[in-house]
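Counting in my numbering, the final residue of the sequence shown is number 355, and the numbers go up one at a time with none missing.
Bear in mind the hints are in silico, worked out from the structure with no lab data behind them. In this text the structure is predicted, and so the values were computed from the model without any measurement. Note that the Cβ used here is the ideal one computed from N, Cα and C, for glycine as well. Be aware that a few hints might be false.
BS3-like cross-link-like pairs, simulated, lysine-lysine; straight-line CA separation at most 30 Å [claimed, not checked]:
hint, residue 1, residue 2
1, 184, 212
2, 212, 293
3, 33, 119
4, 212, 84
5, 21, 88
6, 212, 178
7, 293, 3
8, 178, 21
With beta-carbon atoms standing in for the labels, derived distance ranges [claimed, not checked]:
hint, residue 1, residue 2, range
9, 223, 125, 46 to 54 Å
10, 49, 82, 30 to 38 Å
11, 291, 223, 43 to 51 Å
12, 254, 210, 17 to 25 Å
13, 287, 118, 38 to 46 Å
14, 262, 343, 49 to 57 Å
15, 266, 125, 36 to 44 Å
16, 8, 266, 47 to 55 Å
17, 78, 287, 26 to 34 Å
18, 67, 3, 18 to 26 Å
19, 284, 327, 47 to 55 Å
20, 18, 117, 22 to 30 Å
21, 264, 68, 17 to 25 Å
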Amino acid sequence: MKVIKIEKSQWSQGLAQLRKTFRLFGPVGNGKVSNIEELAPGQEPELTFGNTRLSPKNLVFPQSEVMLNYSLDPDDPERNIMKEAPKDYAPRAVIGMRPCDAKALTLVKMNFDTDQYKDPYWLNLYDATTFVGLACDTPASTCFCTTAGCGPYNEEGLDVLLVTQKEGYLAKSLTAKGDELLKAAGWTQTVEGEQAIADGKTAAEARIVSKIETDTLRAADTMALYNAPIWEDISFACLNCGTCTFSCPTCWCFDIQDEAQRKKGVRIRNWDSCMFPIFSVHTTGHNPRDTKMQRVRQRFMHKLKYFVDKYDQGIMCVGCGRCVRQCPVNIDIRRVSAMLNSMASAAQCAVGGK
């Protein structure tokens, strides 16, 4: 790993060089909020933002994506034959995503890249993208990444970590893809910057004031948490609006639908949410989660227990705080996790006392 110094005077020129090789994406604001979008020619990423309103998961997992095309023309000899829709897997680079969002993609990847199944749509976009993260020196009061297996300078999932300096940036290359991007940009001035990055990391982590309690969840009895008497109270105010799942960087549920018009049809994949009433409806009409309480329980149990049990990689959350900030009725995953963690701890103490 090497550290490159990028002077302010080199920044615009380097981005212009990158456009020769990469489609560029980065934070774009509208005065109130920002989101990761494709940058127009000459446009630079806005790197003075807080967390984007939506996570950049749509870079590798579009909100709506055409998967297959087919013909319905009775005169077409290939009628009803599914064909893969054209895709653009040209090299792309996202400049300035947060470390928590990069870590989130590594968690989601566990579902799209398994021994039994590999999703080509997700993986091809992921492999085509170079991820350049921006270290988070001013975390929000709702950020709890350091207790969610992440951090404001976390490197997992990134190819390059950018650290803001008065005179520009320090760029820590983490992968071969990162080396190639820095070389393509003409950013080649190597410096001894490891200590400055370490100092920035320590200072940023000290500014995290929020936390999530999870230490006893791994050993907790799954059915005891599932049947806990807390779920009606937690779900009482929920609107099932789906804001939490759509803004979450680790939510990946989707639905597949066919749409036909005249003599042509497409098969598309759309984001879905476990908060929606018809999410679990079977073809028989039966809905195993037909109440609001059941749907809220499913979301939190998946993130805080089922994922933990299946992968033993911590919770399915990176502490970005989006769901906390954006929930219209103030349902807070930190509070829910504290309740479950406390119950599990009490149960363990009771067993130990016997």
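Structure-based check of each hint:
no.: 1; hint: 184 to 212; in the structure: violated (39 Å)
no.: 2; hint: 212 to 293; in the structure: holds (27 Å)
no.: 3; hint: 33 to 119; in the structure: violated (38 Å)
no.: 4; hint: 212 to 84; in the structure: violated (48 Å)
no.: 5; hint: 21 to 88; in the structure: holds (20 Å)
no.: 6; hint: 212 to 178; in the structure: violated (33 Å)
no.: 7; hint: 293 to 3; in the structure: violated (50 Å)
no.: 8; hint: 178 to 21; in the structure: holds (16 Å)
no.: 9; hint: 223 to 125: 46 to 54 Å; in the structure: violated (35 Å)
no.: 10; hint: 49 to 82: 30 to 38 Å; in the structure: violated (51 Å)
no.: 11; hint: 291 to 223: 43 to 51 Å; in the structure: violated (22 Å)
no.: 12; hint: 254 to 210: 17 to 25 Å; in the structure: violated (31 Å)
no.: 13; hint: 287 to 118: 38 to 46 Å; in the structure: violated (26 Å)
no.: 14; hint: 262 to 343: 49 to 57 Å; in the structure: holds (54 Å)
no.: 15; hint: 266 to 125: 36 to 44 Å; in the structure: violated (23 Å)
no.: 16; hint: 8 to 266: 47 to 55 Å; in the structure: holds (53 Å)
no.: 17; hint: 78 to 287: 26 to 34 Å; in the structure: violated (41 Å)
no.: 18; hint: 67 to 3: 18 to 26 Å; in the structure: violated (40 Å)
no.: 19; hint: 284 to 327: 47 to 55 Å; in the structure: violated (33 Å)
no.: 20; hint: 18 to 117: 22 to 30 Å; in the structure: violated (42 Å)
no.: 21; hint: 264 to 68: 17 to 25 Å; in the structure: holds (19 Å)
Violated hints, in rising order: 1, 3, 4, 6, 7, 9, 10, 11, 12, 13, 15, 17, 18, 19, 20; the structure is consistent with all others.
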